[in-house]
Amino acid sequence: METESMDCESYGTHHFSSTTKTHAVVTNTVGPAATSVYELLECPVCTFSMYPPIHQCQNGHTFCSTCKVRVHNRCPTCRQELGDIRCLALEKVAESLELPCKYFNLGCPEIFPYYSKLKHESLCNFRPYGCPYAGSECGVLGGIPFLVAHLRDDHKVDMHAASTFNHRYVKSNPREVFHCFGQYFCLHFEAFQLGMGPVYMAFLRFMGDEEEARRYSYSLEVGGSGRKLTWEGTPRSIRDSHRKVRDSNDGLIIQRNMALFFSGGDRKELKLRVTGKIWKELHSPDSGVCMPNMSS
Amino acid sequence: MYVVIVHTYIHNKPTFIHISPLSLHHLPFDFMNSSEMEPRINHLQIESQVHELLDYPVCTNQITSTIYQCSNDYTGEVNNDKEKPYNCPYSGSKCTATGDIRWLLQHLRNDHHVEMHDGRSFSHRYVHHNPKHLHHATWMLTLLDCYGRQFCLYFEAFHLKKTPMYIAYMQFMGDEEEATSFSYTLEISGHGRKMTWQGVPRSIRDSHKTVRDSQDGLIITRKLAMFFSADNTNSKELKLKISGRIWREH
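Protein chains in written order, with the numbering used here: chain C, 18 to 313; chain W, 81 to 330.
No lab work stands behind these hints: they were computed from the structure. Please note that the accuracy of each hint is not assured.
[Stated by the list, open to error] Result set (SDA-like, lysine to any residue): computed pairs, CA atoms no more than 25 angstroms apart in a straight line:
1) C:Lys288 to W:Val280
2) C:Lys173 to C:Glu154
3) C:Lys297 to W:Ser315
4) C:Lys136 to C:Val62
5) C:Lys245 to W:Phe202
6) C:Lys173 to C:Ala208
The whole structure should be built from the sequences, with the hints applied where relevant.
As structure tokens, this is what we get:
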């Protein structure tokens, strides 16, 4: 699972690391003493939470290790020359601190010790999704309905209310979203270079979490001249980046020559007919299924 | 003076091309380097020429070429292509045995120790404890017997521009015309994914290398193959189960 959100990442239009809000909740759930310790753990330079090693200057001003590199050996608070003093006491006090997940306002009810909070937040099921649009590095975050509207309005993605499709691709990289079973699926079709030369790959991603994605399956098929290639698989959650899915080869991959062969005609232009469908699996996913890591 | 008669098969119908003296490298195939063709040249009267047939678009799917020596007397007889001997399909380029199908089957079993399985459906496991050390173009041949005919199932590991790949495909032990009356599928599945290839078996008149290089089969990257091979252990073994069936279209 890709680590999606660390405290030091910028958030586009949504800011969930607003310290004021967190402090309010901290006070409500864990008491005022915790609040002041939590405030002490905020780096005065970058305002993000500090993690070991936490540094201090000779006068006792603290700052995080990221900022230590950037301040050119001068304390950011009092400008004194820096040594290599570590603030072990603060690190130890942090151990005893328990804080709510920063996505509490999106519904996460959990509270974590300071040092495991970050790890949880990178995997928290309540964290917002990143825009699944392939291509540009769109940094927009939000819930699924918000992102669907964003894809439609800002990225001009085609929307289809259907669970089957039959497309003739004459160019690669179209963007489409399918709305069925009350869910949204992103269909990707693109050309890229695998080691073996130019290939086309088609795959489906699910707008939601991996656990829910496993309730669905999809198939893609290309063919012509007595030959047919079919791929059946489980859509990947958009928690996995488009590139990660592509690089794991988790979809229908067809070499460019074969795609041209299937295109028929003079076989010089791409006119690839891809048919596919999405369906809901009747049985619940086997919890014992071992899902091997598909990334290299 | 040398004249060459090119006997080409286009959809298994022999087509004769009489040509005036031509240097050999004008011909559409690299005959001299191909181990499957044995050019024999003889003195001959020049007949009329049909140059344009040499420009026939080369579709390696369809055409097999052989050069025969012949004189005017034999022109009528060279259409018994069904009795023309086949090259041993185990070879690629190493085994130069030729013979009819019956002889080849015995040869494959006795000399190459190839297994033969009965039936239209099959399921094979390809296992290698260290797939990174699989040689380029290692291939495994299994024979399948059904409909009174025999089919060769190949599984090969090779590199395509540095990407390790595997390919599985079927060839028909017989001529192209009959081969096209069959279809076959190959399927790999596991962990909620399934890849299926449906194709038409190529005649063994095409070398297995030709078919492999045209990628006319189930082709899979090693990365994906390892995904299908994965189990609860952390082993990096290749354990691919390939199932399939053959049927007659008409």
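Hints, one by one, checked against the model:
| no. | hint | result |
| --- | --- | --- |
| 1 | C:Lys288 to W:Val280 | holds, 22 angstroms |
| 2 | C:Lys173 to C:Glu154 | holds, 16 angstroms |
| 3 | C:Lys297 to W:Ser315 | violated, 32 angstroms |
| 4 | C:Lys136 to C:Val62 | holds, 23 angstroms |
| 5 | C:Lys245 to W:Phe202 | holds, 19 angstroms |
| 6 | C:Lys173 to C:Ala208 | holds, 20 angstroms |
Hint violations for this structure: number 3 only, all remaining hints satisfied.
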